[in-house]
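K.L.:
Here is what each chain is made of, one letter per residue.
Protein chains: 2
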Amino acid sequence: MNDLGLDKHQRFLQQAISIATENVNRGGGPYGAVIVKAGAVIAGSGNRVTDNLDPTAHAEVMTIRLACQALGDFQLDGCILYSSCEPCPMCLGAIYWARLDQVYFAANRFDAAHAGFDDSFIYNELDKPALQRRIRMQQLTMDDAGMPFNAWHANANKVRY
Amino acid sequence: MNDLGLDKHQRFLQQAISIATENVNRGGGPYGAVIVKAGAVIAGSGNRVTDNLDPTAHAEVMTIRLACQALGDFQLDGCILYSSCEPCPMCLGAIYWARLDQVYFAANRFDAAHAGFDDSFIYNELDKPALQRRIRMQQLTMDDAGMPFNAWHANANKVRY
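These protein sequence lines are chains C and H, in that order. Heads up: the first sequence at position 50 corresponds to 50 in my numbering, and the numbers run straight through without jumps. Heads up: the second sequence at position 40 corresponds to 40 in my numbering, and the numbers run straight through without jumps.
These aren't lab readings, by the way, just hints derived from the structure by calculation. One or more hints might be untrue.
[To be verified] Label-pair restraints from in silico Cβ distances:
id, chain 1, residue 1, chain 2, residue 2, range
1, C, ARG11, H, ALA154, 23 to 29 Å
2, H, LYS128, C, ALA156, 33 to 39 Å
3, H, ASP101, C, GLY116, 42 to 48 Å
4, H, ALA113, C, ALA40, 32 to 38 Å
5, H, ASP127, C, GLN138, 21 to 27 Å
6, C, LYS8, H, GLY27, 39 to 45 Å
7, H, PRO129, C, ASN157, 28 to 34 Å
8, H, ASN52, C, LYS128, 52 to 58 Å
9, C, ASN25, H, PHE110, 43 to 49 Å
10, C, HIS153, H, ASN155, 48 to 54 Å
[What the hints assert, rightly or not] With a cut-off of at most 30 Å between alpha-carbon atoms, the simulated DSS-like pairs for lysine-lysine come out as follows:
id, chain 1, residue 1, chain 2, residue 2
11, C, LYS158, H, LYS158
12, H, LYS37, C, LYS8
13, C, LYS37, H, LYS128
14, C, LYS128, C, LYS158
15, C, LYS128, H, LYS128
16, H, LYS128, H, LYS37
17, C, LYS158, H, LYS37
None of the values given here were measured: they were computed from a predicted structure. Beta carbons are placed, not taken as given, at the ideal position from N, Cα and C, and that holds for glycine.
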């Protein structure tokens, strides 16, 4: 919950859109995001995939990383993400792992598909059984499959995340 | 397609499991991954979420980033990812954006849930309408929503990804 009026959310979303547009002019992808805590922007980024040679450097992922660095934490409780476009499945996963409070976005996955991006395609792939996906994903039986989790359970000093 | 026998896949998967187990002993999460190109490991990593203060630093994401740096590219055509556990939705998205050829994994999302991780929960959340998710996601109408994509279409020098 938060006490910001809708116009305030639109103001932050406008910042994300401006970052996205400027990012294209800098040679990057057409996406931008900001993260807000207690009414103040603590991080913002455009998409840096091609510049950073990092296919995970979507605007939302970059902004989550920057916000975590700013706060010195690996979680973002109490923070709101504003994105110029609906998060793709990768970014949606990142949003859950970061435990953000809420997300606002402007364009959606179909707008992204219209612009030539795979967001909608990847959402559809997620719903298929692993072996029927375009990228084949196969579980192999391994004697040691449980070993990492056993080590995790046995470690009294583990940092849960 | 590839010409490796199943035992070779299991050998690489065993490396991912060993990285995962060692990672726990180093204070990290119980996950590991390697990426193989033309029969050789080009990158490998454990989960670095708590060490790096980065909730996106799952083993698969870290390994994709490292492999891209090693190859000097933002895509990983011709590469196979081996992960100690079934990729979560974030990592699955990253796998599609990186355009890997194939994925092998040992443990699955239910093993991860049993160990206290949210993988299975996030898969379930993805299937819900945005407004019904635990983390509320809301599209707001913005006059400028299409501006970044318009800039992208107009940019003759864009690098597609």
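K.L.:
Take the hints in turn and mark each one as holding or not.
P.N.:
Tested hints:
no.: 1; hint: C/ARG11 / H/ALA154: 23 to 29 Å; in the structure: holds (26 Å)
no.: 2; hint: H/LYS128 / C/ALA156: 33 to 39 Å; in the structure: holds (36 Å)
no.: 3; hint: H/ASP101 / C/GLY116: 42 to 48 Å; in the structure: violated (22 Å)
no.: 4; hint: H/ALA113 / C/ALA40: 32 to 38 Å; in the structure: holds (36 Å)
no.: 5; hint: H/ASP127 / C/GLN138: 21 to 27 Å; in the structure: holds (23 Å)
no.: 6; hint: C/LYS8 / H/GLY27: 39 to 45 Å; in the structure: holds (40 Å)
no.: 7; hint: H/PRO129 / C/ASN157: 28 to 34 Å; in the structure: violated (41 Å)
no.: 8; hint: H/ASN52 / C/LYS128: 52 to 58 Å; in the structure: violated (32 Å)
no.: 9; hint: C/ASN25 / H/PHE110: 43 to 49 Å; in the structure: holds (46 Å)
no.: 10; hint: C/HIS153 / H/ASN155: 48 to 54 Å; in the structure: holds (51 Å)
no.: 11; hint: C/LYS158 / H/LYS158; in the structure: violated (45 Å)
no.: 12; hint: H/LYS37 / C/LYS8; in the structure: violated (48 Å)
no.: 13; hint: C/LYS37 / H/LYS128; in the structure: holds (26 Å)
no.: 14; hint: C/LYS128 / C/LYS158; in the structure: violated (34 Å)
no.: 15; hint: C/LYS128 / H/LYS128; in the structure: holds (16 Å)
no.: 16; hint: H/LYS128 / H/LYS37; in the structure: violated (37 Å)
no.: 17; hint: C/LYS158 / H/LYS37; in the structure: violated (33 Å)
Of the numbered hints listed earlier, those contradicted by the structure are 3, 7, 8, 11, 12, 14, 16, 17.
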